[in-house]
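Q: So you can see what is in the structure, the chains are spelled out below.
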Amino acid sequence: MFYWPAFFEAFPALLPGLLVTIELTVLVMPCALIVALVLALGRLYAPRPLARIATGWVEFWRATPLLLQLYWLYYVMPSETGILLPGFATVAFGLVCNVSAFLSENFRAGIASIRPGQRHAGLALGMSERQAFFRIVVPQAWSRVMPETASMWVELFKETSLVSTLAVADLTYQALALRTANYRTLEVLTALALSYLVLAYPQAKFCDWLYRRHRIRE
Amino acid sequence: MTGQRDRTPALIRIEDVHRRYPNGVEALRGVSLVAHEGEVVCIIGPSGSGKSTLLRCVNGLEPIDRGRILLGDREVRAKSREAREIRRQIGMVFQSFELFPHMTALANVGEGPRTVLRMPRADVELRSRALLAKVGLADKADTLPAQLSGGQQQRVAIARALAMQPRAMLFDEATSALDPETVGDVLNVMQQLAREGMTMLVVTHEMAFARDVADWVAVMENGQVLEEGTPSNIFGAPRLARTREFLLRVEHAPARAARGAEE
Amino acid sequence: MVDAFQIVRANLPFLGSALLVTIELNIASIALALALGTAMGIGRVYGGRWIDRGLGFIIDVVRSIPILVIMVWVFFGLPLLLGVTDFPAFLAGVLALGIHSGAYIAEIVRGGLGSVRGGQLHAALALGMSRPQAIARIILPQAAIRMMPPLSTRIVRNIKDSVLASTIAVQELFWAANLLEGETAKPFPIYTTLMVFYFLAIVAIARALDRVYVKVAVRGAA
Chain U
1 MFYWPAFFEA FPALLPGLLV TIELTVLVMP CALIVALVLA LGRLYAPRPL
51 ARIATGWVEF WRATPLLLQL YWLYYVMPSE TGILLPGFAT VAFGLVCNVS
101 AFLSENFRAG IASIRPGQRH AGLALGMSER QAFFRIVVPQ AWSRVMPETA
151 SMWVELFKET SLVSTLAVAD LTYQALALRT ANYRTLEVLT ALALSYLVLA
201 YPQAKFCDWL YRRHRIRE
Chain H
219 MTGQRDRTPA LIRIEDVHRR YPNGVEALRG VSLVAHEGEV VCIIGPSGSG
269 KSTLLRCVNG LEPIDRGRIL LGDREVRAKS REAREIRRQI GMVFQSFELF
319 PHMTALANVG EGPRTVLRMP RADVELRSRA LLAKVGLADK ADTLPAQLSG
369 GQQQRVAIAR ALAMQPRAML FDEATSALDP ETVGDVLNVM QQLAREGMTM
419 LVVTHEMAFA RDVADWVAVM ENGQVLEEGT PSNIFGAPRL ARTREFLLRV
469 EHAPARAARG AEE
Chain S
482 MVDAFQIVRA NLPFLGSALL VTIELNIASI ALALALGTAM GIGRVYGGRW
532 IDRGLGFIID VVRSIPILVI MVWVFFGLPL LLGVTDFPAF LAGVLALGIH
582 SGAYIAEIVR GGLGSVRGGQ LHAALALGMS RPQAIARIIL PQAAIRMMPP
632 LSTRIVRNIK DSVLASTIAV QELFWAANLL EGETAKPFPI YTTLMVFYFL
682 AIVAIARALD RVYVKVAVRG AA
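Protein chains in written order, with our numbering: chain U, 1 to 218; chain H, 219 to 481; chain S, 482 to 703.
Treat the hints as calculated values from the structure; they're not laboratory data.
A few of these clues could be false.
Residues on chain U that point at chain S, a partial pick, calculated with CB under 10 Å [to be verified]: (1) 59; (2) 72; (3) 75; (4) 85; (5) 175; (6) 187; (7) 194; (8) 200; (9) 201.
Cross-link-like lysine-lysine pairs, in silico, DSS-like; alpha carbons within 27 Å at most [to be verified]: (10) 205(U) x 641(S); (11) 696(S) x 358(H); (12) 641(S) x 667(S).
Note that the Cβ used here is the ideal one computed from N, Cα and C, for glycine as well.
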């Protein structure tokens, strides 16, 4: 019923896909972090019209399905604007837009949750706005923001699986191709699930630990 | 005098009770205390002396390791099915009020009769409104706890406990979390209850209340009863130096305590 | 510009019936997720150490696997494991979404139950209630109110994940859009309409859930 050799042989075959998945994750996350910070600061401190645009942008990327976003970028961008990027770049771009929106909401809420009194206390000591922000607000916001950010990293790692639907050769794509080739659907798909599990589980437990540590500190 | 006490039947008997927490802390090290029917027994002492733990053992919320606790002639055993029956007969008022935030004041008061006594709805409403009136909050029947002040919440909590028509009431630092202005309101309700003959075990820091309302005072420290007696004995002429020290710290009434007989 | 969307207007009935499938898919999977999640959450908090650990492990496993992979596995792999042919795609979609969202909801329930103060349980027991009574009448209602914000986030997430059912040929809205795009080669009007639609629908649902929460929030105050 369950043909174990096919199960074990699947893993080396999936390896190239895993590399692409990791590449994608490692490339997208830092870019998303930078964009998210810009967006968050924009929403908090920029003049009203700009802040509104930033909020609209963030709301949009948060309230539409990722798959739809990727498809739109993949198909509509070339056909309407003539910009044709390779598949990998397109989905990377889409992921950066998507993830940065969630991260920026996280950053914004974290920064906004610090009582204004804290900033006032810093200013009252004679600090500049920038000093007060970086020495008082950011360190406190960081402990609230960090566990969620780590969670997002794990989420991103899992969400890269969607790029398989657009023929980007990640882990999932590799598995689906393999099962079409050798017809050992159950074994290959179980190997696929296990691969994600083995990689994401420790990271997720680490995130749980971060959450617990953060809560005790409060 | 003890002679007078023995004439009324004992309602709550605490006999050589020991309790050690799972983390190793010994909260109660051989506590014995008796509350007779209609008596107000005040338990005073420094924080960490085990007063609140003792109270929670009396109605079986916490188990004891050694000794026994009796309500009337029934033993209180925390993990048994009879524990529920005991809790129906003893009312408890908490320092943090613990009103149920998702219910109005009226619903809070009626929750016990409705869910535990399974009284019909009309009777529950009658009883609840009467009790709210008794504690002076008839007009707050339909407000939510979040909209009530601390003192008001605590009075509702007292009404909630009374709705079960208990044989005895336990007060666990009922006024410690209140603003000074509202403390008086709650103490008045407690005093009225005492006058009506309710048997009460009161853990408190309000020395004036203990002096004026208590029939018997027990001083606890470190999980044991240091000294017990009538209020005039304890506050006027404490036997032990430790008791005097405690009273000094709490009351700033050096003259009175120092005049106590040296034994 | 207006002409560009003619394709969409011409195919509204087709898209409409696909939308119906989307709605059914989401209602069914969210119901399943709530049932599973509540049961597991309560089990973890009140079921004792071993049940807590066992469920915790299952929940962690489910949360470590991408929803797309779960869906594909349930549709292609599970029938092989069970020896069933002709496993309906809709059922696979409901199961996959239900199990995935259910695991997250279990953690939300667990957090919600834990956020209710211990004193509340004591107060209920002190009135003479039994543990099950106290949990049902006092703890759960308060926990339910506290859980609403993260639950609404998870519900929205479920709606977004439901488009993945198109990959296992569940005939929901995105599947219909892809079909249409394949036939007409006009991605712009089709996908843009879909994006705007999901955006409006999700924002509306999120706002509605928020408004309900605001009304009941005062009853869940610490």
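Q: Now, for every hint given, state plainly whether the structure supports it.
A: Hint-by-hint comparison with the structure:
no. : hint            : verdict
1   : 59              : holds, 7 Å
2   : 72              : holds, 5 Å
3   : 75              : holds, 4 Å
4   : 85              : violated, 15 Å
5   : 175             : holds, 8 Å
6   : 187             : holds, 9 Å
7   : 194             : holds, 9 Å
8   : 200             : holds, 4 Å
9   : 201             : holds, 4 Å
10  : 205(U) x 641(S) : holds, 25 Å
11  : 696(S) x 358(H) : holds, 20 Å
12  : 641(S) x 667(S) : holds, 23 Å
Violation of the numbered hints given earlier is confined to hint 4; every other hint is satisfied by the structure.
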